[in-house]
Amino acid sequence: MDKPVIELKQLTKRYGEFTAVSGLDLEIRPGEIFGLLGPNGAGKTTTILMMLGLTEPTSGTATVCGIDATRNPMQVKRRVGYMPDDVGFYEDRSGLDNLVYTARLNGIEAGEAKRRAEELLGKVGLADAARKKTGAYSRGMRQRLGLADVLIKRPEVIILDEPTLGIDPEGVRELLALIRDLSRNEGLTVLLSSHHLHQVQQICDRVGLFVGGKLVASGDLDALSRELDGGPSHVVELDVVGWNERLSERISSMEHVTSVETTDPDALGASGSASAGAPGAVTVRVSGTADVASRLAAFVVENGASLVGLRPMRYGLDDIYHRYFEGGDPSGRVH
Amino acid sequence: MAAFIEKLKIARREEGGSARTPSPFWVMVQKEFGDHIRSWRFIILLAIVTLACIGSIYAAVTALKDGQSASSGSGSGDAANSFLFLKMFTESDGSLPNFLTFLSFLAPLIGIAIGFDGINSERNKGTLSRVMSQPVYRDDFLNAKFVAGLLLIAVVVFSLGFLVMGMGLFTIGYPPTPEEFWRVIATLLITTVYVGLWLNLSLLFSVRFRQAATSALSGIAVWIFFLVFYGMIVNLVGNATAPGDPTDAAALLHQQDWLMLLSRLSPAYLFQEAASTLLLPDTRTLNPFITQDQAYLAINAPLSFGQSLLLVWPQVVAIVAETAISFAASYVAFMRQEIRSRS
Numbered sequence: 001m002d003k004p005v006i007e008l009k010q011l012t013k014r015y016g017e018f019t020a021v022s023g024l025d026l027e028i029r030p031g032e033i034f035g036l037l038g039p040n041g042a043g044k045t046t047t048i049l050m051m052l053g054l055t056e057p058t059s060g061t062a063t064v065c066g067i068d069a070t071r072n073p074m075q076v077k078r079r080v081g082y083m084p085d086d087v088g089f090y091e092d093r094s095g096l097d098n099l100v101y102t103a104r105l106n107g108i109e110a111g112e113a114k115r116r117a118e119e120l121l122g123k124v125g126l127a128d129a130a131r132k133k134t135g136a137y138s139r140g141m142r143q144r145l146g147l148a149d150v151l152i153k154r155p156e157v158i159i160l161d162e163p164t165l166g167i168d169p170e171g172v173r174e175l176l177a178l179i180r181d182l183s184r185n186e187g188l189t190v191l192l193s194s195h196h197l198h199q200v201q202q203i204c205d206r207v208g209l210f211v212g213g214k215l216v217a218s219g220d221l222d223a224l225s226r227e228l229d230g231g232p233s234h235v236v237e238l239d240v241v242g243w244n245e246r247l248s249e250r251i252s253s254m255e256h257v258t259s260v261e262t263t264d265p266d267a268l269g270a271s272g273s274a275s276a277g278a279p280g281a282v283t284v285r286v287s288g289t290a291d292v293a294s295r296l297a298a299f300v301v302e303n304g305a306s307l308v309g310l311r312p313m314r315y316g317l318d319d320i321y322h323r324y325f326e327g328g329d330p331s332g333r334v335h
Numbered sequence: 001m002a003a004f005i006e007k008l009k010i011a012r013r014e015e016g017g018s019a020r021t022p023s024p025f026w027v028m029v030q031k032e033f034g035d036h037i038r039s040w041r042f043i044i045l046l047a048i049v050t051l052a053c054i055g056s057i058y059a060a061v062t063a064l065k066d067g068q069s070a071s072s073g074s075g076s077g078d079a080a081n082s083f084l085f086l087k088m089f090t091e092s093d094g095s096l097p098n099f100l101t102f103l104s105f106l107a108p109l110i111g112i113a114i115g116f117d118g119i120n121s122e123r124n125k126g127t128l129s130r131v132m133s134q135p136v137y138r139d140d141f142l143n144a145k146f147v148a149g150l151l152l153i154a155v156v157v158f159s160l161g162f163l164v165m166g167m168g169l170f171t172i173g174y175p176p177t178p179e180e181f182w183r184v185i186a187t188l189l190i191t192t193v194y195v196g197l198w199l200n201l202s203l204l205f206s207v208r209f210r211q212a213a214t215s216a217l218s219g220i221a222v223w224i225f226f227l228v229f230y231g232m233i234v235n236l237v238g239n240a241t242a243p244g245d246p247t248d249a250a251a252l253l254h255q256q257d258w259l260m261l262l263s264r265l266s267p268a269y270l271f272q273e274a275a276s277t278l279l280l281p282d283t284r285t286l287n288p289f290i291t292q293d294q295a296y297l298a299i300n301a302p303l304s305f306g307q308s309l310l311l312v313w314p315q316v317v318a319i320v321a322e323t324a325i326s327f328a329a330s331y332v333a334f335m336r337q338e339i340r341s342r343s
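Heads up: the protein sequence lines correspond to chains A and B, in order.
FYI, this note's numbering numbers position 155 of the first sequence as 155, with every residue one higher than the one before it.
FYI, this note's numbering numbers position 98 of the second sequence as 98, with every residue one higher than the one before it.
Only true hints are included.
When the alpha-carbon atoms are kept at most 20 Å apart in a straight line, the in silico EDC-like pairs for lysine to aspartate or glutamate are as follows:
hint, chain 1, residue 1, chain 2, residue 2
1, B, LYS31, A, GLU91
2, B, LYS125, A, ASP92
3, B, LYS125, A, ASP86
4, B, LYS125, A, ASP97
5, A, LYS133, B, ASP35
6, A, LYS123, A, ASP181
7, B, LYS31, A, GLU109
8, A, LYS114, A, ASP128
9, B, LYS31, A, ASP97
10, B, LYS31, A, ASP92
11, A, LYS3, A, GLU186
12, B, LYS125, A, GLU91
13, A, LYS132, B, ASP35
14, B, LYS31, A, GLU112
Honestly, the hints are just simulated from the structure, not real lab data.
Please construct the entire structure, taking both the sequences and the accompanying hints into account.
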């Protein structure tokens, strides 16, 4: 395994009595997209600030690109691009001017800065608005300009704090696609924090769940599903017309099946996937210790009921989120 | 004015286009300076100050032409004629305050107007955290704000001073002696430092207060306090502590010294003393008490430039010290603050 790009060891930050981040251990490998997930006020931003040396940790170390971020923030800031949440620009300057300014703060010579800025503006789709004042930019344009602003110093790592906040779904899709392409094509390591599960789910290689200043779980989605204590490993949802108790009992007695339950086919189910709407259909959730989907399908049909839908369920971040955040700050639960 | 801005823009462009890459600090100074010059606030300020200048020159020239200068020559007939050029800055026909009064009145306003939203507006717009995540030192940011402001102030103060000198030459047709010239330059320098003090104070407020309006109001409150109320308070203290026995000279002197010290805590008073001593060479001492012997034996002649400068040196040092104190305060406050986006 490669040497981690970001390495946090027992990172702790206290504000007086309040502990914002406590004993955080985290490693992020080069080239991966890591999602830092957590409700508002979980300590995500504080963690990021400590990685950049903008805030001093109370104890523990943050090492970025092999450099101690607390001791040598300047070197870290040269290699790391950071987009704060709700990024702001000098509103009476054009987007191009803003980028050139950032580039020159990084010691890039003016001509080169302008060339890079124009190239990046094209990349993020703002070429037409390059000479418009940023005060007139929409939220989505500002976020995209923010991404260009982060990239202009050619960083090794980019840290995006809530990059998708407040943009419309299409804008989110475009921005995330852009981030993923950057990571894949240019080998950038990306750390993004969010409380939007679905979005993070789409592009992250690994995610870390952050609650109350602690990293409660981390890993890829499969690993997280497994980490769910007592969580069933295989769940299949069936939409069946002609469901009856006898069928239920017989499925329960099948090998590997641990539970059978009918669920309300409404959108508030944890998975959010309502049944296809066939009249008279009942949605049944079957949990088992092994993959029983194909046998189940055959079984239902054999018994004279008609199978309308069959979905092998993976644990989505939603479910994981709910599990971990039960009793947490409800404002963090945003779908 | 437009030509001046254009010239600055070209200068900026030339500087930016050179092969060397300036340090982030100078990049920030450049940007700040450019922002100030383009801002409406600056244009309005410049308009007010220019109007004040023209008004005071008009008043001064009218006074000089009417020959009123002779009567206000502070008792020394020769001196009244010898420093005619300096009278441009200190004389008035009574319809408008003279240049010096205008300057001491408006200088704090310039400083406050330039600095009051230096830090907090960047914080509120979310640009502070973006700039701080670039490889720049945190103190460079504050220093750049200060240096850019001070440069701008220097440009304004000196161009106004030269404007008055030029118009004076034009209207009274009497050239300044080298000594008069240097006296004016020294006064302008002290004015720049004095405005720098107010710039620093308003930067301190902009670090301390999150709202630009609060910071501007605090700056103006301090300004008005020193302009209007401080003298009153010193007088009140003087009345309250007046020695019971009016014939006790030692006690009286002691009390007056003490009051003088109190007055001189006010930067406005210090500036007034320093500037008027430099522009009125007849001022031989800033001490309110001179013994009869001293008054009798003193040569009735204006001080030389060097001696005037020596006389106001403590005042200048005090103004610089007060500037340094307020800069240090804003520095410490800023370095301790945590930079989060828009909070």
